[in-house]
Amino acid sequence: MRRTLSILLSNPLSVIGLLLVGTVVFSAIFADFIAPFPSHRGAVVDFSNFNQPPHWPNIFGTDLVGRDLFSRILYAYRISLMLGVVVLAIAVPIGVTVGLAAGYLGGWVDFVLMRLTDVFLSIPPLVLAMSVMGVLEPTLTNGMLAVTTMWWPWYARLAYNVTRSESQEGYVLAAEIIGASRLHIMFREILPNCVPSIVTKMTLDLGFVILIASSLSFLGLGVQAPTPDLGSMVAEGGNYLPDSWWLTVFPSLAILIAVFGFNLLGDALRQVLGADQ
Amino acid sequence: MSPVVQLLAKRLSISVIVLIGVSMLIFAIARIIPGDPARIALGPNATAEQVVQLRDKLHLDDSIIVQYAYFVSDFARGDLGISLYTNRPVMTDIAQFLPATLELVFVAGLFMIGFGIPLGILSARHRGKAVDNVIRVLSLLGVSAPSFVWAVILMLLFAFFLPIFPIAGQISDTLTVPPRMTGFLLFDCLLAGDLRAFADAAHHIVLPAFALSLSGIGQAARLTRANMIETYDKPYIEMARSYGFPEQRIARRYAFRPSLIPSLTIIGLDFAAMLGNAFLVEAVYAWPGLSRYGVQVILRKDLNAIVGTVLVISATFLVVNIIVDLLIAFINPRIRYAERSRP
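Those protein sequences? They're chains C and E, same order as listed.
1 is the number of the first residue of the first sequence in the working numbering; add one for each residue after it.
1 is the number of the first residue of the second sequence in the working numbering; add one for each residue after it.
To be clear, the hints were calculated from the coordinates, so they are not data collected in a lab.
Glycine included, every Cβ here is placed at the ideal spot set by N, Cα and C.
Do not rely on the hints blindly, as some may be mistaken.
Stretches of chain C that chain E covers, calculated by requiring three or more beta carbons in the stretch to come under 8 Å of a beta carbon on chain E [claimed, not checked]:
#, region
1, 107-119
2, 125-137
3, 203-215
4, 218-231
5, 246-256
6, 261-267
Using the sequences and the hints, build the whole thing.
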């Protein structure tokens with residue numbers, strides 16, 4: 001652990017990644033204390049101060065109904081991160097179990113489960129999430145559900161590939177010979193060897209879940225107003241380019257910074273943990 | 001049978017299974033809609049009889065398996081039903097909007113290959129140097145934003161701030177659009193022999209296609225770099241170096257070719273992502289593709305249109321992947337010359 005950390009800190013790019021992710025997570029958790037106008041997360045209207053370019057105290061300017069953009073971005077981070085954590089918390093166990101079972105048990109289990117995975121993977125990710133989101137009411141919970149349906153297959157693929165190569169290893173054979181149960185071999189012997197690749201992918205994916213969720217709400221199929229959301233902020237501001245540039249530029253950069261941070265960190269972890277995709 | 005034909009047959013049969021699965025999945029998703037689609041389609045002023053009539057016409061009162069059977073038999077005849085949003089056959093709607101989307105995605109795909117792979121090669125050849133670091137950071141940035149963010153930023157920079165590209169649309173209003181033949185505007189311009197319209201349309205497609213391709217360029221550069229560096233560590237490269245072959249030739253002939261194969265597989269997958277992301281870019285640039293239609297039919301819970309659109313997009317994706325697989329089989333001598341393909 002200490003060695004891992006020291007390798008991470010020796011690479012400037014990883015340090016930047018850590019800093020970016022740290023800032024995003026910190027501002028999401030402590031948004032109540034950092035945001036200059038905490039009440040602006042909701043349906044507040046201040047028409048005396050609407051659509052103003054960046055100035056003090058609205059350092060990112062104000063939106064079309066006079067809310068402080070900086071405060072709203074902080075709260076949007078909180079919701080995006082929460083969504084990312086929940087999606088991965090559901091998608092990863094499902095995907096990994098499917099992949100382990102298909103990879104270790106083989107035969108018809110392999111065929112059925114992996115073809116099912118293929119089906120989900122053959123619909124472009126955004127389109128699948130869009131259609132799930134479309135038939136349900138656009139709420140935060142349904143948004144999580146929509147993103148989860150498109151996310152688990154990737155973990156199934158990953159776990160499947162690792163399991164296939166690990167199940168040829170001597171230690172699996174040894175466990176089989178002493179009569180260990182299949183469940184024991186899958187979850188106690190093979191699973192620990194999948195962990196580095198899974199952790200790496202989860203770090204990268206926290207960024208990508210934010211990216212996809214913002215894409216859904218950009219199209220109007222995600223979190224609904226007045227909940228602050230980076231995607232819908234960009235969509236709303238897009239109609240007022242180029243005059244009210246701050247409406248789109250700051251939320252866009254907010255997405256870029258968060259996803260970039262998780263990508264840098266994930267890349268660094270991949271090198272340290274030696275986990276290949 | 002030659003190995004390539006065998007591979008094609010195997011891939012085609014798997015694709016058909018997958019496509020049937022996709023149709024079932026989408027059908028199931030579309031039928032769990034809360035609320036009555038017939039009521040939504042007819043609006044609040046419709047009488048109860050009208051709703052019953054439409055429910056009957058759409059077979060909404062039958063079991064889901066019967067409904068699916070109706071759907072499959074209609075689909076086999078090329079009939080995806082009537083869109084409740086446009087009141088036209090879904091097939092007609094898709095045929096009208098899909099070409100513009102595909103055109104955008106293909107141009108973006110060209111950008112992805114044309115910029116991504118050379119950048120990756122450059123990065124690998126100068127591993128650890130400044131060039132490499134710059135390319136790595138840039139390609140990671142490319143991957144790190146959804147395409148609507150790039151679309152907005154590029155539009156702000158190159159259409160408003162430096163007005164070198166048009167802001168939106170597929171062709172200038174002042175030009176007469178050539179007669180619709182293939183539906184692909186660039187092709188249609190050429191077929192009509194109208195070079196001015198072609199140049200104008202090409203000018204319009206650059207910005208949206210580039211915005212769409214940025215994450216693909218980043219992905220392709222990263223992969224090509226990783227694969228080439230792996231190849232560079234192989235003994236035969238060292239041998240080529242000790243023979244005194246020029247670096248240029250080593251890179252092109254010995255290091256690049258084997259690393260192209262894994263890159264191509266991922267490029268196929270990226271194509272799928274671009275088919276989805278095209279929705280985002282089209283919304284920013286008012287591109288007359290499937291995006292507007294797709295979002296509208298989803299918001300209006302237009303079942304036939306949702307199922308049809310997703311099915312056509314997935315089929316396109318499967319076709320592209322088969323092409324990529326064949327391309328790989330053709331490039332890879334181990335498959336091309338194999339007497340027997342893998343079981």
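Item to check | List of violated hint numbers, smallest to largest | outcome: Going through the list in order, the structure violates no hint and respects every one.
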